[in-house]
Amino acid sequence: MIQFFNVSKEYPRSGLALSDATFRLHKGEFAFLTGPSGAGKSTILRLAYFEERPTNGEVRVSGVSSDEMSRRAVAKLRRRLGIVFQDFRLLEDRTAEGNVAFALEVTGTRRDQIAPRVNRVLTQVGLASKFKAYPSELSGGEQQRVAIARALVNDPVVLIADEPTGNLDERATRGVFQLLRDINASGTAVLMATHNLDLVRRTDYRTIEMDAGRIVHDGAFRGSDVRTAT
Amino acid sequence: MRLAIRDALATMRKAPLLSLLSVTTIAFSLFAFALFGLVALNIKRALERVEERVEIRAFVADGTRIEDIARAADEIARYSEVQSATIVTREQALERARAELGEFSDVFEPGVLPASIDVRMRPGFRDPRNVEAISSRIRTFDFVDDVRYGAEWIAQLHKLRNIAGATGIALGVAFAVVAVIIIGATIRMTVLARSTEIGIMRLVGATDAFIRRPFLIEGFVKGILGGMLALAFTWIAAAVLEHYLNFQALFFDNRLVAFGLAGGALIGLFGSAFAVGRHLKRV
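Going line by line, the protein sequences match chains A and B. Going by my numbering, the first residue of the first sequence is number 51, and it counts up by one from there. Going by my numbering, the first residue of the second sequence is number 720, and it counts up by one from there.
Think of the hints as simulated: they come from the structure by calculation, not from any bench. Mixed in with the good hints there might be a few duds.
Result set (DSS-like, lysine-lysine): computed pairs, CA atoms no more than 25 angstroms apart in a straight line [as the list claims (entries may be wrong)]:
{"hint": "1", "chain 1": "B", "residue 1": "Lys878", "chain 2": "A", "residue 2": "Lys182"}
{"hint": "2", "chain 1": "B", "residue 1": "Lys878", "chain 2": "B", "residue 2": "Lys763"}
{"hint": "3", "chain 1": "B", "residue 1": "Lys733", "chain 2": "A", "residue 2": "Lys180"}
{"hint": "4", "chain 1": "A", "residue 1": "Lys126", "chain 2": "A", "residue 2": "Lys77"}
{"hint": "5", "chain 1": "A", "residue 1": "Lys126", "chain 2": "B", "residue 2": "Lys1000"}
Take these sequences, add in the hints, and give me the full structure.
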């Protein structure tokens, strides 16, 4: 699904952000990416959805290699990925329904197929009554649910989530996290970067722990051994 | 494509002030260019009118038979550089001289002025080199005594035309470049205003072509609207000048109007393509 082979990423100004990372996210798997700020979590995610090219090594996502990716191939690949961010990235001038439909419109989905698919995912994320609400009329948790619905509407093979609960209160965090678990249970792989170790502790999902651009642990959560996230 | 058109029009509706600003910026940039074009067009026309007076006069020897003169005039009229070759008899020459001199008309005695063939050159051949070449050919006729064409005057006129032409091209290019830069900057503002949307489009898998399309349509529409507005401004400016300066100005013909509108549309289109292309390269 997602494969990193000895991947390094160096930026001209800030230097080495990721060093020699190798891991594989399998089909239907759920994995956390943890570590302090600047550890390289977001770099891994940006490499995974091909927003960045590796300086060294190779990233393969759903059969597409970073060695041979064109902008068109990247666009096509992203239709099979769902991407969610801490800051939601919703269009303020579109309703919940419009934001989700947007992901289908830009990929050339037939108009008669858009409404049923949008209805299905908005219902799936628990927003059946908020179709016509604008982002400014929704709570943080609800906005993140719209973002997740948008990520889901193209039936992605993997959901990449960068601190999806970072801006949410505890109750909303629990709700969004449960939603991600449900999505994973239905067969979609999830790679989720988070600072929230309470969430990590609560499950037995695989944890890829990062520090200073390196993967320092990959496996079950290490409990008290893990460094406190900042 | 329908979605792109809908999207482009929706964007213009959603940000009417920004759209108005870009259309008026395009309009004023093109207006400056069009005003310059109008001045250049009128100068060109004025110079052409002066050039129409370029004439070669071949004086014919006394006693030449009119048939010989007519045959020569026919032959000269067939030269590709020549527009017309007209025979002026001695009587006509006297009449013309008297008309031109007015109160001094009695200084000429009948028979004192020779007959001539008056040759007018076609447009594009009224420069010193062509006029000299035709004069030399005309001199080869046995019965031609002398050929006059105001060599110095034609040389000065040609120099003036060259200076006007070169200045016109340099200023025209400068105005066009300034217009393109201003229009490009305006369109860039509209692209930046939608950078969040572009970012989301890319994240959900839109291709660059898909992202670019509504911007191109928007640029095209704004270019045409700006071009129409610029033409209206230019027409008003020309009318005001005519009214207050009592000056009969030449306005753009339909071909130039169409050219101006197409120019506006193309600047809008390419300005947008450039602005959105640059933005896409960076994201």
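Here's how the hints hold up against the structure:
1. B:Lys878 with A:Lys182: Outside the cut-off at roughly 72 angstroms; violated.
2. B:Lys878 with B:Lys763: Holds, because 13 angstroms separates the two Cα atoms, which is no more than 25 angstroms.
3. B:Lys733 with A:Lys180: Holds: Lys733 of chain B and Lys180 of chain A sit about 23 angstroms apart, inside 25 angstroms.
4. A:Lys126 with A:Lys77: holds (19 angstroms)
5. A:Lys126 with B:Lys1000: Distance of about 18 angstroms is within 25 angstroms: holds.
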